[in-house]
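K.L.:
From first to last, the protein sequence lines stand for chains U and V. Residues in the first sequence are numbered from 92 upward in steps of one, following the numbering used here. Residues in the second sequence are numbered from 5 upward in steps of one, following the numbering used here.
The hints are simulated quantities; they were obtained by calculation from the structure and are not laboratory data. A portion of the hints provided could be inaccurate.
Pairwise CB distance ranges (calculated) [what the hints assert, rightly or not]:
1. E88/V x F269/U: 48 to 56 Å
2. L395/V x T94/U: 43 to 51 Å
3. G282/U x L402/V: 29 to 37 Å
4. G70/V x A287/U: 24 to 32 Å
5. L158/U x A297/V: 50 to 58 Å
6. V279/U x F290/V: 18 to 26 Å
7. I343/V x L158/U: 12 to 20 Å
Positions of the beta carbon are idealized from the N, C-alpha and C atoms, including for glycine.
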Amino acid sequence: MTTFLFWLFALAACGGALAVVIEKNVVRMAFWLIVSLASVAGLFFLLGADFVGATQLLIYVGGTIVLLIFGVMLTATGPLSRTMTVTRGEHVLAGVIGVSLLCVFGVSVLAVDWEEVEGGELGVEERYADGGTTRPLGLKLIGIDGEKLRSEVGGRRSEASLDARLSTRKSTGYLLPFEIASVHLLVVLIGAAYLARAKRRPHERNRH
Amino acid sequence: MLPAASIVEHLTAAGLAPWLALTVAIVVHAAFVLAFFGAVPAVAIWLERKVSGRIQDRLGPTRVGGKFGWLQGLADGIKAIQKEDIIPAAADSMLFRMAPYIANIAAFGGFMLLPFSRDWVAVAADIGLFILLAILSLEVVGIVMAGYASGSKWSLFGGIREAAQMVSYEIPLALCGLVPVLAAGSLNLSVIGEAQQGWFLPNWLIFHSPFAFVAFFVYFTVATAGSKRAPFDLAEAESELVGGFHTEYSTMRWVYFMLAEYGHMFLISGVAVLLFLGGWWIGLPFIDGPVAALRAEDGRTVEREYGRIDVVDPVGETATPLLHSSTSSVLPFSLGNYIGNLIGAIVLTFKAMLLVIVQIWVRWTLPRLRIDQVMTTCLKYLVPISCALFLGGVLWPLTLTSTIGRTTLFDWPAAWSEATPLRFAAAQGAGAARGRGGDWESGSTTSLIAPSPTPSLSPSSPAAEIAR
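Only chain V is shown next, with the shape it has when bound in the complex (with noise of 0.2 Å):
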């Protein structure tokens, strides 16, 4: 359980007693995560706002905060708070209380899982996405719950076309989502991020084959259909099922089937951005160069410990505890990184910022499908789409190996690839990971992969066949 490894170091460093150290860790990523969680749909709900204004022909909120209504959020919140809480008399009170509760957990238990930059991401898992989509998949359980629980049938409606077509896009989702995955070999969110650095047109996972570049649109209607936005909010079609499974929610239970609706929107746009746009990367390297060069002053530095400890001690002597006995574990808190690291977090949110103001662009532009034209896309066509994709995905490196004989796209300058596998170890964030340098982790990436026949071992192996 090490949800925040490198705070827990510094705090132990510090002399606190892990558990407290944990516990201090678990609640400050907690805050930062949950405050974000709260941010983006104030945010995103302004937009859709003034959006939409401005889609048809009007000016939106001009009033709360200011000049342009940017507070509106804020006021609709307060204002929500303020109504009667009201539970229909046919519903089932449990779980009609629980429904709302359970939809917003989900769609922040994503949140914790989504890297902002290459050091900021609450969990750090190496199977990261795969994480994600599952806790992304439970918000549905809380939408056919609250149809379910209501004891309306329009919100019974609502929760039978929600079940059916959330399940059905899921296949899909997580189908174009191994495009990219393959192309950078790993699950690990950070290192798919860190993968795409360098100039956009090579190194951008969207741009590194024909396939990758269909599936982002792919990935992006499922996605879309996924946070039941229109043209897929069948769920909650106003003009046929009232409010659909949320027309018997009232006041601040409607208000989470919101947040949980547009923070689900942030983060498969999150989601979009470090699979196919880059991550944290502008894509420029002249800009992105200083940046990097910022956080990779610490980062040099560890990776010289790697090296060091890699070739002086044989593997697996190292096991032992670096973690506790020495700091040289811990990285020192640095201004640079953190700029370089907060750098980062702004480009993401700023990309994913606009792939919500699509998503938002597409919901006023579309008319809504009919249910049965939504599960013929998905069904009919968005699944055989997404398999050819996926199989056109797993073809691109043999294509590649054949005829510019590397299986990447990828073009980092060599000073980076060599580091690479080092640097990403580091990267995957797990403290002891950093600690245990000549474990079995950066074991595996030196003299496992580079000699070995099978080079697909660690989650790093394109670094590594480059650096071949």
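The following block holds chain U by itself, in its conformation from the complex (with noise of 0.2 Å):
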């Protein structure tokens, strides 16, 4: 069941990339890229990664695509004459660009020993007895390693030197970086909000 589903989704993300590299009409490659992104998600939560899963779906299909169609309704001239033509240096330049990242792709998964994954301690629904693998993003936000206290805990360590360990860990996580990034983003947003704004002289302000 879960390979048929592997193989649905996977088809389906492959297919639809496919099919935006092949479609001329723009608004129809957004339709085939929410195809391959909503697979992706949905490959996402197969490997019970709920987190990534939906958060790939609220990003990348909810915002960024429906931004891409909301652009491309703003921008073109007439309803459904939108194909889109791409030259000869185009080709080139996106060819480089794709085989490098497949390189590095290839390389990345090369490099993992999918002996070791395999033959780990947890599968697919144990990962789901722990509720996904959100609680591990959270803990390590906040700096503890989930993978390594399980591991502690399955050992028997005592109860106690587990808390002291919790109580004096010097670590601060992801949690700084992460919420710089987010202040960044927020300081983003209202700077290009202030750049966008109707700009309007005093003396025109009457008029209106």
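Take the two lone chains, each set in its own frame, and fit them into one complex as the hints suggest.
P.N.:
Dropping the structure here:
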């Protein structure tokens, strides 16, 4: 069942991605992009990564694509006449970028020792029992390594030492970088709104 | 992939192959949710016609199906299905045909994550609210696509307005949803609902803090805008845009948009009930108590098992095969539990329907805003208000700690709160969690939370706070 679902999502993701490349109409491309990205979200759910899957849906499918279509609708001249023309140079450039990205992905996939991963102690269903990957992610954010914690708990360390370790931990985790990034994004947002606002001179305001 | 953990367990225990059990469970859950998803709009559309009629001093539908015209929704559906399916020559036919399905799937997907009662949820996810909002935000894709693909200027305008409106209104929606989440300490909708037992006054999250009280009304306004209901229905403003994004749609494709809209209305009302209005609790302990006792028959035995496992076997030891070897992990079917859940589901549906009626009432009472007024309302007022509410919600536990010495206002009896973390582990529905009582999950609730200096490690931290 899981295998079947995996192939379903994987084929939809790859097919959608191919269709994005082949399709000429911008909005249809956006549709195929939705298919592809949503299938990737499905793969995340299949892996037990609820949080990443939901974020994928919220940000990429619900946010980015909508903005993309929105932009196309605002900027295009007439309805349904939006076909893209791609020059030869752009083909070459896109090809180079694509191949190099493929190399990066290939290297990183090959670098993983899959034997070890498959032989790991937790399967997908056990991950769901622990609340997917959400809780480890959250723990990691405040500087607690969930996996290490689990192995220590499993190894019957006494609770006292565990609590001592928790209370004396030095690491602040990823919370601070995360906050800095989000405040940065907020600043960018406000800046964009400031730049994009309608600039009216004082005497014009009287007319409105 | 465990959308239906408990049914899977039952079937596997009965000797079915695991993949077959999973398939059956998926089909059962999907069929239930789909039936509900179909029934809600039928009722809501009848209500809409009836309420609008009364508001305009008419009777509304009176004839179909007897006295009150209560089969009107069915009659509408049969009428719509018989009409001619028209795709305009100027339309992008593939996108035109896909758009209603996308809108519909998004609304339907939300129903999968909505717990109707403690144990009745199709997909019990730890971050249910987040996934629900994420899936719900996909509906706009269908609307925008419909607006674009129709090849009509009215539709395009409707689509643009919808995109601008939805993208803006999602921000205050999420921020207001976070206020009760902060109080309950979990994103799991089942846990949030279960946390609101007891008298409604301090226990329902709307009464939990002044910020939550305001947040409910902001949430409801924003959610009404999110489901593009009047006075925010700029996407289909019939006085300016003919029909907006669905101008060119006819027959069942148009009905699909309506289904999505009414489904969306019910869904956000259901989320509002779960987040603010006490979920499946009536709010009166002398009624809720017996109902909870009906369900607790099973819950208690499970709790005892959990307790035993945790005490006797050190954490981690029982990570092995409780699920498959013994039947103790499978909750036996019990009538009491079933009836308790049924009553819960009825209460929740009733409350959500009340909110739907309020939405209908608002639609037929208030005039439509202009698009710039809609955007101003959101960006200049609702976003800052919801940010302030969020900040207040964060600071509220500190205020409580300094005044009454607790972080929450929940006033459960001690017996409840002691058992609560463990019961939450059971209520989270993932059957594997149920089977592996001694695994990291409940290990964290028992061993990590209570003595540790960082109390917010697990979804059930408020309970643990009180237990302390």
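K.L.:
Mind listing which of the numbered hints don't hold for this structure, in increasing order?
P.N.:
4, 6, 7
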